[in-house]
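*Asks:* Take these sequences, add in the hints, and give me the full structure.
Residue numbers (my numbering), protein chains in the order written: chain G, 1 to 323; chain B, 1 to 323.
Simulated from the structure, these hints should not be mistaken for lab results.
A couple of the hints might just be wrong.
Remember, identical chains collapse to one label, so a pair may be satisfied in a single copy or spanning two.
Claimed, not checked - Below, in silico cross-link-like pairs of lysine-lysine (DSS-like), each with a Cα-Cα straight-line distance of 30 angstroms or less:
1. K25 - K307
2. K306 - K19
3. K295 - K319
4. K226 - K83
5. K83 - K306
There are 2 protein chains.
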Amino acid sequence: MDGEVVQFEYGDKMNLVNKLLKGDKVSLARAISKVENGEGSHILEALFPYAGQAYYIGITGPPGAGKSTLVDRLTNQLVDGGKRVGVIAVDPTSPFSGGALLGDRIRMSNLSGRDDVFIRSMASRGSLGGLARATKDVALCLDAFGMNYIMVETVGVGQVELEIADVCDTTIVVLVPESGDAIQVMKAGLLEIADIIVVNKADREGADRMVTELQFTSEFRCRKRKWGYPILKTIATQNKGIDELNSTIGSHRDYLRGSGGLEGGRRERIRRRITELIEEKVKERVQDNVLEEGKLEETVEGVYTKKLNLFRVVDDLVKKVIG
Amino acid sequence: MDGEVVQFEYGDKMNLVNKLLKGDKVSLARAISKVENGEGSHILEALFPYAGQAYYIGITGPPGAGKSTLVDRLTNQLVDGGKRVGVIAVDPTSPFSGGALLGDRIRMSNLSGRDDVFIRSMASRGSLGGLARATKDVALCLDAFGMNYIMVETVGVGQVELEIADVCDTTIVVLVPESGDAIQVMKAGLLEIADIIVVNKADREGADRMVTELQFTSEFRCRKRKWGYPILKTIATQNKGIDELNSTIGSHRDYLRGSGGLEGGRRERIRRRITELIEEKVKERVQDNVLEEGKLEETVEGVYTKKLNLFRVVDDLVKKVIG
Numbered sequence: 001m002d003g004e005v006v007q008f009e010y011g012d013k014m015n016l017v018n019k020l021l022k023g024d025k026v027s028l029a030r031a032i033s034k035v036e037n038g039e040g041s042h043i044l045e046a047l048f049p050y051a052g053q054a055y056y057i058g059i060t061g062p063p064g065a066g067k068s069t070l071v072d073r074l075t076n077q078l079v080d081g082g083k084r085v086g087v088i089a090v091d092p093t094s095p096f097s098g099g100a101l102l103g104d105r106i107r108m109s110n111l112s113g114r115d116d117v118f119i120r121s122m123a124s125r126g127s128l129g130g131l132a133r134a135t136k137d138v139a140l141c142l143d144a145f146g147m148n149y150i151m152v153e154t155v156g157v158g159q160v161e162l163e164i165a166d167v168c169d170t171t172i173v174v175l176v177p178e179s180g181d182a183i184q185v186m187k188a189g190l191l192e193i194a195d196i197i198v199v200n201k202a203d204r205e206g207a208d209r210m211v212t213e214l215q216f217t218s219e220f221r222c223r224k225r226k227w228g229y230p231i232l233k234t235i236a237t238q239n240k241g242i243d244e245l246n247s248t249i250g251s252h253r254d255y256l257r258g259s260g261g262l263e264g265g266r267r268e269r270i271r272r273r274i275t276e277l278i279e280e281k282v283k284e285r286v287q288d289n290v291l292e293e294g295k296l297e298e299t300v301e302g303v304y305t306k307k308l309n310l311f312r313v314v315d316d317l318v319k320k321v322i323g
Numbered sequence: 001m002d003g004e005v006v007q008f009e010y011g012d013k014m015n016l017v018n019k020l021l022k023g024d025k026v027s028l029a030r031a032i033s034k035v036e037n038g039e040g041s042h043i044l045e046a047l048f049p050y051a052g053q054a055y056y057i058g059i060t061g062p063p064g065a066g067k068s069t070l071v072d073r074l075t076n077q078l079v080d081g082g083k084r085v086g087v088i089a090v091d092p093t094s095p096f097s098g099g100a101l102l103g104d105r106i107r108m109s110n111l112s113g114r115d116d117v118f119i120r121s122m123a124s125r126g127s128l129g130g131l132a133r134a135t136k137d138v139a140l141c142l143d144a145f146g147m148n149y150i151m152v153e154t155v156g157v158g159q160v161e162l163e164i165a166d167v168c169d170t171t172i173v174v175l176v177p178e179s180g181d182a183i184q185v186m187k188a189g190l191l192e193i194a195d196i197i198v199v200n201k202a203d204r205e206g207a208d209r210m211v212t213e214l215q216f217t218s219e220f221r222c223r224k225r226k227w228g229y230p231i232l233k234t235i236a237t238q239n240k241g242i243d244e245l246n247s248t249i250g251s252h253r254d255y256l257r258g259s260g261g262l263e264g265g266r267r268e269r270i271r272r273r274i275t276e277l278i279e280e281k282v283k284e285r286v287q288d289n290v291l292e293e294g295k296l297e298e299t300v301e302g303v304y305t306k307k308l309n310l311f312r313v314v315d316d317l318v319k320k321v322i323g
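*Replies:* Quick look at the structure:
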């Protein structure tokens, strides 16, 4: 899909949107490609009214924790239960490799064959900020397409991952006995974003000790949290513990619905999204108006030679755009 | 310094700047606190003409690689050689812990006693984007103060670390035999940002194998790079290999000067800094003008209930700000 060159007229775009809304997966893939490349603003606007039905699940954890396999198994189970699932696998680890190292995604290709599943791998091509934004846009497409669940898989807890966790209704942190002790996990900020903690590869040495440590740490740190800290053991490769994980996700969803947290969280996300999008548009405008005038080089030269004061120059440039 | 409440008048600020420029460390600390809290725009503008003399060294690597000790030893050696050194230790790992886990910094307090050293620990308090910005601002203060070297120590390679590596003339990646194999290092994007690779704790098992692997990988990946990939072994706790590291930094500096890379890099950084600062100011302006009107809640409600289209609303709001 990625390499395809499609000439779009406005009418074509609407055609694409209509076909997508009627359940055409090829149109979905094409719309996502457009959106990923930042050419999808009309598509997003047209799809927006149809989104908002899906439940968002974030899966994060260190490399090698078995996240892909877990997502694979969980998706299979949801689809077996009659649900439609979109999976977005985000790999921001190296902004340089351009996603070439997403090889382990191949494992999931068997899922792609299923009718009610759509999988998209995304890697950073340029800015990391753009990746979080693109992830949200792609999720919107999947949501409008009619997916019941959208799973977003990320590595670790960099800024992108935190931003993405922010978008999800339920965030699952996946660890393995080798992930280190509870203190390290806490240090990495993983406990704070987790709604559910999974110790995967639970047949390995140290799994029980890790669960005990996590229980102790989470009780100590998060006494006031009403939802608590479910800590589950899974062996994803053997499909063990997936049932329980699935039902714990269900419990969390029920909890969110009952407590008003689901609605509150989604309103909060809209609030942030409005701010983000405005900032982005204004940024584009500033870049178009000020920086692309060819005057940037002159300014850089002036600042480098200290003829201009960096901070005064910036003030002047901003005034030019927004009076 | 952090807890101090100082009432500033404009005259006070200039006084602070003058004292800083005369070499007063207390004023430096106060200026840095102001700058860190985002209240230092006048200070930065006043200091800007005096900055640009320092050489920037970035030190990054996984937790537990012994970065602090290495920075400690390297700083001591530079100071013994008559240089003045500023150290900024950045810990962005947890945006939640607020820097409470920076305990290992305590080890470096013996350095603080030296007249020609100034150390600042920084942790993310809120946004991660703000941390990279604050680091650059604090570095500017140290630079204007007259430091010959500014060392910026960060953990891992998240977005903040990449941004910070971007600011440095020489970037050193510190690994230990336990850091995993060369593929993992490459996957983490560490090779791409490294000017010098250090295998620390080189008395441990696997050190030689790691060096060999890194040599092989770097040769394979980076044939075209003129500077090459010096891979050094150190045992920082025993002060071993620090001489060689120091002289390799010198060689890299000479290489950059000879090839025009130093000037080119710094111009490039000014270019990016101008863009960044403009974006930031625009963001502030958007928040002040559009979003704080109290109308935001109304808009959120409309978008949540689908009475308003998110993307159309954003377009309208942007038009309000920039006609």
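*Asks:* Next, verify each hint and record whether it holds.
*Replies:* Okay, the hints, checked on the actual structure:
1. Within a single copy, K25 and K307 get their C-alpha atoms only as close as 57 angstroms, which misses the 30 angstroms cut-off; across copies the closest is 28 angstroms, which meets it.
2. For the homomeric pair K306 and K19, the shortest alpha-carbon distance between copies (22 angstroms) is at most 30 angstroms, but the shortest distance inside one copy (57 angstroms) is not.
3. For a Cα distance limit of 30 angstroms, the shortest separation of K295 from K319 qualifies both inside one copy, at 16 angstroms, and across copies, at 25 angstroms.
4. Within a single copy, K226 and K83 get their C-alpha atoms as close as 29 angstroms, which meets the 30 angstroms cut-off; across copies the closest is 55 angstroms, which misses it.
5. Taking the shortest alpha-carbon separations for K83 and K306, only the inter-copy value of 24 angstroms comes in at or below 30 angstroms, while the best intra-copy value is 62 angstroms.
Violated hints for the displayed structure: none, as all numbered hints are satisfied.
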